[in-house]
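The numbering used here numbers the first residue of the sequence shown as 1 and each following residue consecutively.
A portion of the hints provided could be inaccurate.
Said to hold, decoys possible - Now the in silico label distances, taken between C-beta atoms and shown as ranges:
{"hint": "1", "residue 1": "R92", "residue 2": "G64", "range": "40 to 50 Å"}
{"hint": "2", "residue 1": "V62", "residue 2": "A114", "range": "17 to 27 Å"}
{"hint": "3", "residue 1": "V66", "residue 2": "A39", "range": "29 to 39 Å"}
{"hint": "4", "residue 1": "G115", "residue 2": "V62", "range": "26 to 36 Å"}
{"hint": "5", "residue 1": "H95", "residue 2": "M1", "range": "28 to 38 Å"}
{"hint": "6", "residue 1": "L9", "residue 2": "D67", "range": "17 to 27 Å"}
{"hint": "7", "residue 1": "P96", "residue 2": "A63", "range": "34 to 44 Å"}
What the hints contain is simulated information worked out from the structure, not anything from laboratory work. Don't be surprised by glycine CBs; every beta carbon is placed ideally from N, CA and C.
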Amino acid sequence: MLLYALSFLLNATLTFTVSLGIWRDHPGITEVYGGDTPARRILMCIYIAIGAISLYALGQMVAGNVDVARNVALTLFPLQIIYKVLTAAAVRVLHPVVIANLCVVALLSLTLLAG
1 MLLYALSFLL NATLTFTVSL GIWRDHPGIT EVYGGDTPAR RILMCIYIAI
51 GAISLYALGQ MVAGNVDVAR NVALTLFPLQ IIYKVLTAAA VRVLHPVVIA
101 NLCVVALLSL TLLAG
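Go ahead and model the full structure; you've got the sequences and the hints to work with.
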């Protein structure tokens, strides 16, 4: 369950950090995600949802409800893996967001395989 906790924690940390950068229109975010557009704000909302679900699952783990956390992982992680791998096809692979996405894919895949 340590990998589950690590994956949920990483999800929350990354998604909330990027969301804050999008919200504040941080120059580093603009460099990799482009200017402030409705599409970028929609992406921020998706990231916030992933982070919130990850925090929920972490809370369930702390409360001893590991089956709930595992079920969240079995739904959330494959969804993330699929969309993050698709970013490599949709955007050039050397893009910083794609590289970060593929690193997350590695951890989430390892977590599911170690199950």
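Non-conforming hints, listed in increasing numerical order: 4
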